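Respectively, the protein sequence lines represent chains A and B.
For the first sequence, the numbering used here gives the first residue as 26, with consecutive numbering after it.
For the second sequence, the numbering used here gives the first residue as 11, with consecutive numbering after it.
Just to be clear, a hint being listed does not mean it is correct.
Said to hold, decoys possible - Calculated from the model, a selection of chain B residues having no Cβ within reach of chain A, i.e. all distances over 10 Å: (1) D40; (2) L50; (3) E139; (4) F144.
As the list claims (entries may be wrong) - Which bits of chain B does chain A cover? Going by a derived footprint, with three or more residues having C-beta under 8 Å, they are: (5) 64–76; (6) 157–163.
Hint data in this document are derived by calculation from the structure and do not stem from the laboratory.
Predicted model only: the values in this text are computed from it and were never measured.
Glycine residues also receive a C-beta, built at the ideal position from the N, C-alpha and C atoms.
For reference, the chains in residue letters:
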Amino acid sequence: MANEALAETLESYLEYKSNKSKLFSWIFTTDHKRIGLLYLVGMTVFFWVGVTLGFLMKLEMLTPGKTIVDAQTYNTFFTLHGVIMIFLFIIPGIPAVFGNFFLPIMIGAYDVAFPRLNLFSWWLYMFGGIFAVVALFLQGGPIDTGWTFYVPYSIRTTTNVILPLIGAFVLGFSSILTGLNFITTIHRLRAPGMTFFRMPLFVWALYATAWIQVVATPVVGITILLVIVERVFHVGIFDPAMGGDPLLFQHLFWIYSHPAVYIMILPAMGVVSEIIPTFARRTIFGYKAIAFSSLAIAFIGYFVWAHHMFSSGISDTSRMVFSLLTFLVAVPSGVKVFNWVATLYKGSIELRAPLLYVMMFIFLFSIGGLTGLVLGSLATDVHVTDTYFVVAHFHYVMFGGTVIIFFAALHYWLPKMFGKMYSEKVAIWAAPLIFVGFNMLYFTMFILGYKGMPRRYWSYLPEYQTLHIISTVGSWILVLGLMIMFANLIYSLFKGKPATANPWGGITLEWQVPSPPPVENFEKIPTITHGAYDYEHINWEQDGKH
Amino acid sequence: MENIENNIIEKKELHTEIVAHLAEPHQHKDAIASKMGMWLFLFTELLLFGGLFLLYMAYRLQYSQDFVIAAQDLNIVLGTTNTIFLLTSSLTMALSIAAIQRGKKVLSITLLVSTIGFALAFMVVKYFEWTAKFHHGIAPGAQELMNKPNGEIIFYGMYFSMTGLHALHVIVGAIILVFMLVFLLRNKITKYDYIKLENAGLYWHLVDLIWIFLFPLFYLIH
Chain A
26 MANEALAETL
36 ESYLEYKSNK
46 SKLFSWIFTT
56 DHKRIGLLYL
66 VGMTVFFWVG
76 VTLGFLMKLE
86 MLTPGKTIVD
96 AQTYNTFFTL
106 HGVIMIFLFI
116 IPGIPAVFGN
126 FFLPIMIGAY
136 DVAFPRLNLF
146 SWWLYMFGGI
156 FAVVALFLQG
166 GPIDTGWTFY
176 VPYSIRTTTN
186 VILPLIGAFV
196 LGFSSILTGL
206 NFITTIHRLR
216 APGMTFFRMP
226 LFVWALYATA
236 WIQVVATPVV
246 GITILLVIVE
256 RVFHVGIFDP
266 AMGGDPLLFQ
276 HLFWIYSHPA
286 VYIMILPAMG
296 VVSEIIPTFA
306 RRTIFGYKAI
316 AFSSLAIAFI
326 GYFVWAHHMF
336 SSGISDTSRM
346 VFSLLTFLVA
356 VPSGVKVFNW
366 VATLYKGSIE
376 LRAPLLYVMM
386 FIFLFSIGGL
396 TGLVLGSLAT
406 DVHVTDTYFV
416 VAHFHYVMFG
426 GTVIIFFAAL
436 HYWLPKMFGK
446 MYSEKVAIWA
456 APLIFVGFNM
466 LYFTMFILGY
476 KGMPRRYWSY
486 LPEYQTLHII
496 STVGSWILVL
506 GLMIMFANLI
516 YSLFKGKPAT
526 ANPWGGITLE
536 WQVPSPPPVE
546 NFEKIPTITH
556 GAYDYEHINW
566 EQDGKH
Chain B
11 MENIENNIIE
21 KKELHTEIVA
31 HLAEPHQHKD
41 AIASKMGMWL
51 FLFTELLLFG
61 GLFLLYMAYR
71 LQYSQDFVIA
81 AQDLNIVLGT
91 TNTIFLLTSS
101 LTMALSIAAI
111 QRGKKVLSIT
121 LLVSTIGFAL
131 AFMVVKYFEW
141 TAKFHHGIAP
151 GAQELMNKPN
161 GEIIFYGMYF
171 SMTGLHALHV
181 IVGAIILVFM
191 LVFLLRNKIT
201 KYDYIKLENA
211 GLYWHLVDLI
221 WIFLFPLFYL
231 IH
């Protein structure tokens with residue numbers, strides 16, 4: 026009996042059969058690994074909906090005036106593109122998929138602290154997503170406020186505002202519960218000997234992220250709730266007609282939504298700190314500096330929100346203070362980039378697909394970060410506010426930063442998650458397509474914005490057309506690259522060669538368990554005796570037997 | 011060094027303890043973790059109301075005169091009664107936990123039932139208070155309210171949303187307490203395992219705490 030139970034727990038988590046039916050054993054699972062995959066499936070679907078909307082928007086911008094859709098449809102496109110990409114893909118993205126899957130394994134635990142709450146979070150995520158998307162098909166038309174839901178327009182528009190708002194609220198709740206779960210897990214379930222400073226840096230990044238999720242998300246929750254209350258019951262809160270102040274909405278919205286960009290980027294930075302040591306075959310440079318810079322970003326990031334409001338009519342004093350604080354965020358971000366590059370120095374570098382995406386990230390994210398300084402300084406910001414420059418900056422940090430690293434993480438951990446290898450050759454071919462398409466699409470936007478092309482406009486003056494055409498062609502190349510990349514990964518799930526336990530030679534705990542991991546992760550909770558990247562402590566003779 | 015080793019041993023023991031509790035894969039019991047999770051959740055609740063307090067502060071500075079005038083229409087007697095109800099309910103809640111810790115099940119149940127009773131009493135008073143306001147034309151979107159100065163509209167906007175959200179929390183809290191009652195009756199909460207009741211108690215104290223701030227802000231500051 027005891028042996029049977031043991032054999033069962035050593036079974037791959039993909040094969041594990043409970044007494045539930047096949048579908049139910051997935052959608053009602055409390056296994057953190059299965060929940061990670063559930064998120065991955067949901068997110069991939071929403072991501073492609075977002076990509077399609079973005080693709081159509083760029084197609085519309087091919088010519089001045091109407092190309093494929095009318096102005097109102099264009100408004101709903103940029104709103105839904107933003108809502109779906111931000112609330113359904115980038116914010117939950119890396120923590121929900123890779124955090125759920127790898128956090129417990131990396132700290133040597135059987136599962137997260139609250140497995141049932143974890144499942145509940147996924148259900149909330151799916152319901153939130155459905156609420157946001159279903160408004161597309163209802164009478165009144167999809168929401169057209171932009172993803173920021175600024176009042177008073179969001180109170181007055183006749184489109185379906187309430188459903189997506191409820192969706193965003195529910196998604197926020199899901200995000201809070203995930204954060205709460207991760208903090209508790211990291212505090213309570215580390216394996217013996219796994220001190221805080223022996224934890225992998227991805228775990229540190231998730232820890233910092235989880236705190237932002239818990240501390241910042243409720244503020245947007247109440248803001249959204251108040252807009253709903255104001256629309257439904259006509260209570261005077263933000264509407265200037267009833268004495269309300271729309272600026273207060275903007276403050277409350279950005280008190281969350283600025284820290285939210287660190288919810289998006291910090292986990293990505295954590296993944297970078299995993300991939301670089303593995304492919305450079307050496308310990309990370311400045312472990313503590315990277316760990317603390319994550320916390321520093323989380324902390325400072327909470328005090329910079331009003332830089333989204335430089336032209337909204339706030340006082341000069343607050344503009345200067347928030348501008349200064351904004352520049353401070355560049356310091357811990359810079360610390361990270363220098364440490365990553367220093368890790369590569371004199372490393373024994375193996376340029377495989379995950380590292381290729383990381384290189385792409387460092388390049389694109391640096392451009393995004395440096396143009397962030399242009400936006401952080403008051404004089405230049407006023408010139409480019411609400412232009413394509415902002416759109417370009419945002420996509421360089423979010424797409425070039427978080428999403429590229431999401432792809433890197435997929436390539437890095439897919440063999441572990443599914444026990445299958447993808448074609449390295451195809452992966453290497455898809456990367457330059459994505460890189461070239463990305464830069465054609467978004468770099469032209471910097472120039473367009475600098476020349477004065479406003480964002481969210483459906484039509485434009487003829488002199489902007491050449492750059493718009495380059496940008497649109499770039500979007501085609503980018504989408505082609507994405508399709509090849511996803512096709513390669515999905516093909517590998519069915520026809521890929523079996524993956525060994527440690528295909529890359531990584532030394533964090535997830536590489537010490539079979540691919541795919543067994544149901545219970547570990548036969549026995551390991552005892553940790555050295556730091557996460559202490560390559561000199563590894564006996565390769567013994568470890569290289571896989 | 012010795013310290014670290016001791017620490018490791020402690021952790022190992024903890025893990026064996028956790029493993030011993032494994033009823034089925036991916037389920038374990040850890041009271042400290044439950045409490046930590048609950049406290050984190052309470053932080054988020056504070057921040058949820060924090061947004062509202064921030065708005066209240068900004069509007070109070072902008073419309074201090076109107077706020078004073080509008081506040082005089084609120085019924086201090088009903089407000090005070092409700093404050094007493096909630097404070098007493100927090101006491102009975104804490105005593106209910108203390109009782110089950112000492113293994114006195116019947117006493118614990120009695121105290122819990124009275125906590126739920128106070129919650130209901132609070133809602134009844136709230137109902138009469140709000141309907142009286144509605145009869146006087148002070149209701150969200152009502153024409154009579156709209157004719158008042160902007161500051162008063164905002165005062166009642168904040169009043170209805172803040173006390174409304176709080177009332178929602180009272181209802182949710184009462185429902186949670188009813189579940190706790192069922193757990194107590196079925197011996198799911200015992201002298202040895204009372205973390206559920208403790209966490210429910212924490213939530214209930216939060217509901218009380220928020221009212222302690224709402225009451226003076228709306229009823230007392232003139």
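The hints, checked one at a time:
1. A cut-off of 10 Å between C-beta atoms contradicts the statement that D40/B is not in contact with chain A; the least separation is 6 Å.
2. With a minimum CB-CB distance of about 4 Å to chain A, L50/B fails to clear the 10 Å threshold, and the non-interface call is violated.
3. For E139/B, the condition that its CB be more than 10 Å from all CB atoms of chain A holds, with the nearest at approximately 17 Å.
4. Under the 10 Å C-beta cut-off, the non-interface status given to F144/B relative to chain A holds; the minimum distance is some 12 Å.
5. Judged by the Cβ-Cβ criterion of 8 Å, the region 64–76 of chain B is covered by chain A as claimed, because 6 of its residues qualify and three suffice.
6. Counting residues of the region 157–163 of chain B whose beta carbon lies closer than 8 Å to any beta carbon of chain A gives 4, which meets the minimum of three for the stated coverage.
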